[in-house]
Every structure is written in structure tokens, then in C-alpha cells.
Amino acid sequence: MPAIEDSGVVVLGWWVSMFTTRVRIALAEKGISYEYIEEDIPNKSPLLLKHNPIYKKVPVLIHKGKPICESLIIVQYIHETWKEGYPLLPSDPFLKSQAAFWADYIDKHIYQVVKLTWDSKGEEMQKRVEEFLGYLKVLERELGEKPYFNGESFGFVDMALICYYSHIIGFGKIGNFSVEKDTPKLFAWATQCMKRESVSMTLADPNKIYELLIEIRKKNGLED
Amino acid sequence: MFKKSVNKGMEKVKLFATWSSPFVKRIIWALKLKNIEHEIIYEDLANKSPELLKYNPIHKKVPVLVHNEIPICESLVILEYIDETWKDAPRPLLPKDPLDKANQRFWAKFSDDQVLPSFYGYIMKQGNEKEEAKETTLAHLKRVEQLLSEKKFLSGESVGFLDLVFGWLAENSRPLEVVTGLKLFDEDSFPNLCAWRDKFLEVPAIKESWPDQETLIAKYQEINLSKGK
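Chains as they are written, first to last, in our numbering: chain X, 149 to 372; chain B, 3 to 231.
In isolation and in its complexed conformation, chain X is listed as follows (with noise of 0.2 Å):
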């Protein structure tokens, strides 16, 4: 009997991933039908294992049997592989270069900066609330006056961001600040976002994601 992984498409995930949220969106975005398979992390599926041995992380698509890694690489390779439907990303090379630019950045910065929830308090904390503050104002300022971070409408950037929103609803909680009084136009641009059904069905619940912050860090003897 053939293996789950080698018809069509799977998707290996889990709910926490803002990475494996991001793929979603961007498979719904295109209308693919796909194979989920939830993970239990910490205990990582042999699938898993066997498909990213590299870094034994999710999410991992598995297309025709082969699997691509890094959500990032990923979007891309929907997009050149399914080339009809919902566009997720410009075809004008420059367009396209500022696109993986800014994806790039928000990696860099949103990631690492939400990760140090889980391990900071006080004015340790409050550090990392304005340096986080910063790199959104940044966005914010990218953003401009656009709807979407790619212009008239939702694209790659967007997908980019947009996966890491209940993590930083949590952080916000955490960290005492608000996206909506600090950063307005992130704010109006991610309620806008949360209208698509592609990221109203696939994001994480924030109250959920709260939770778990909340849990890492009482673990970690940062919480009361």
C-alpha cells in the first residue's frame, strides 16, 4: 500500500508554528488540497525525522513524496509549481527581490525577538518590548500607506508576517504593550488580513498561544 507521503501533497505541522501557519495560508491561498499531519511536539514523528533530517523541524511539505523545508523555500516553491490561481509573489524581479527582502527581515527580527518571551522579565523584558517596538515601526513605516505589504493586494510579505500575529497578541499581554495603540497601522492591516479565510481558519488561537507562553514561562520561573 503506497505511503501517506508519497500522493499529493502533506503538510507535517503543528499548531504552535507560526511557520507551518504561514505554509498554510499560502496552500490556501492557491485552493491545493493537502494531507495535514499534526506533530506532538516534543516527540517528533519517524515522517518528520525522515523528511528534514537537517534540523528535524516543521513544517515540512512533502510533494510527490519529496520534501521541501523552511517555510520560506517553501512559498516559493508553490508558488513556481502551481503557477495558476492566487499569485504569491510578483513576477518583476526587483518586486520580487524586495518581497524576499523584507521576508528575510522579519525572520530575522519578529522570530527571535517573540522566541525571548519565553525566557525574560522585568527590565530585561522591557528591553526587548522597545527594541520589538522598533523593528514594527520599521514595518510599520514599509507598510506606508499600502493595504497590503504588497501593495493592492495580499502577497508574500503579508504571508510572512501575518503567521506571526497571535504570537506577538501574546507577547503584547506579556510584555505590556498594544498593537493596536502602538503600531495602528499593523494593527489595521492585520485585522484587515484576518478577513481572508486563508489566515481566519489557519491562524493559531492567540488565547491558545497566550496559554502556552504563559506555561513556558512558568517552567522557566519567570511566572508567579
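Source of the hints: derived by calculation from the structure; they are not laboratory data.
Remember, it's a predicted structure, so these values are computed and weren't measured experimentally.
Be aware that a few hints might be false.
[To be verified] For the chain B half of the interface with chain X, some residues (derived, Cβ under 8 Å), not all of them:
1. Ile38
2. Tyr57
3. Ile74
4. Glu86
5. Leu101
6. Lys111
C-beta: ideal position from N, C-alpha, C; glycine also.
Starting from the known structure of chain X, fit chain B onto it as the hints suggest.
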């Protein structure tokens, strides 16, 4: 901020660079492989030019490619931009097949996120940290060695994107060996990697770009001396 304008005929390409940056060199090689006329502006990172800061206000780093006054930053992004913009130049740097492309992008990220930092960690760190970095780097290099089994170049039959991305390793490993005495890999344990290094350095576009191996040795020696070692 920067709006692209269609500028037929007069293509002006500038590259903001430093001699030592592994991320810069790969762009110079790409421009040469594609026969793209360009001007290189060497920056003093302790004293960045207003032009560099204007073209890369976010990261303030090299390389920056400026094409008809439009800047593109981040070396992997620049490489793909070059490949897509100068499509008709001798050869594509990246394969056409999306899966092959995804694999090359994956290993490119592996080079920059894993191999490069641990390699330079090994060169620069001391004591236990040096040992750990050495072990990590060797483990990474074993994967690269595997990639080269049955392949002439990392990109396949001819030099391409992935070779340019890993080119920092081919270019710097011997000069750093000479200057620091630290030899990380040899022909016995890494035959594919060593063979690839030799082939890569013989590619005319690579061989003819500055600084060459001798100049690199001299420059690394200078740095060592100025640190009072």
C-alpha cells in the same frame, strides 16, 4: 522609496563591497559569470559612505547591488535578482525545476546559517568553544561532502548558484590555513570537497577576481599582525 523605472540600453550596475566579505565575493563572481559590466565601490565599514547608508538604510551593510539607481540588498536576494534580470546571459545560475531550485535554496541557507558561522567560530574562538565549533563544522562539512558525491559542482555539471554561495569556503580555507595553521579538512577525509575547491578556483570568472589567493594570504597576515599575534 525607490521606484523602478524602465531604462532601456544604459544598464548601470554598481556594487558596494569590502574585500573580505564572503557575501560580497559571491556577487562579484555572479556578475562576472553573467558578463555584466559593473563598478565596485569598496567601503570602509568603520566609515560608511553616505551612498551606502542611502541605499541600505535598514542593515547598513555590504553587499548592495545598485541597478540603474535601484538598490537590492542581502546577497542571496541579489543573486536571484541577477539571475532573473539577466536571463539571457550565458547560463542561468539556478535550475529551472522548482524542486531542484528549492533544494539549492535550502543548502544556500544551510551555508549561511550553519556552516559559515561555525567555520569562522572555529577560526576565531579559543579553548572549548574552538573545539566545539570544530566538531560542528566538521559535521556540516560531511553533509556538503555528501552533496558532492557524483556531482562535479554543487549546482550540477557546471558552476552555479550553490557553488557561488559556498564559494567563501573554497576561497578562504587555504589562505586561513596558511595564516592560522588551522587545517580543518584534508583530501583523505573530504576528497569531494577538496576536488570541488580546486575546480571552483580554476573557473575563469573566479580565478580572475580580486583578491586572489596570494593577496588573501597577505591581507589575513596583515590583520593577524596588527592584532599583535
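TODO: Would you check whether Tyr57 of chain B satisfies its interface hint, that is, whether its CB is within less than 8 Å of any CB in chain X?
DONE: Cβ of Tyr57 of chain B sits 12 Å from chain X, so the hint is violated.
Open item on the list: Restraint: Ile74 of chain B near chain X, CB-CB cut 8 Å. Satisfied or not?
Closed with: 5 Å, holds
Open item on the list: Holds or violated: the hint that Glu86 of chain B contacts chain X, with Cβ atoms closer than 8 Å.
Closed with: The hint holds - Glu86 of chain B has a Cβ within 8 Å of chain X, the shortest such distance being about 4 Å.
Task: Given hint Ile38 of chain B near chain X, where the shortest CB pair must fall under 8 Å - done: For Ile38 of chain B, the interface hint is violated, since the closest Cβ of chain X sits about 14 Å away, which is over 8 Å.
Task: Status of the hint placing Lys111 of chain B at chain X (closest C-beta pair under 8 Å) - done: 6 Å, holds
Open item on the list: Restraint: Leu101 of chain B near chain X, CB-CB cut 8 Å. Satisfied or not?
Closed with: 6 Å, holds
Going through the hint list in order, the structure does not satisfy hints 1 and 2.
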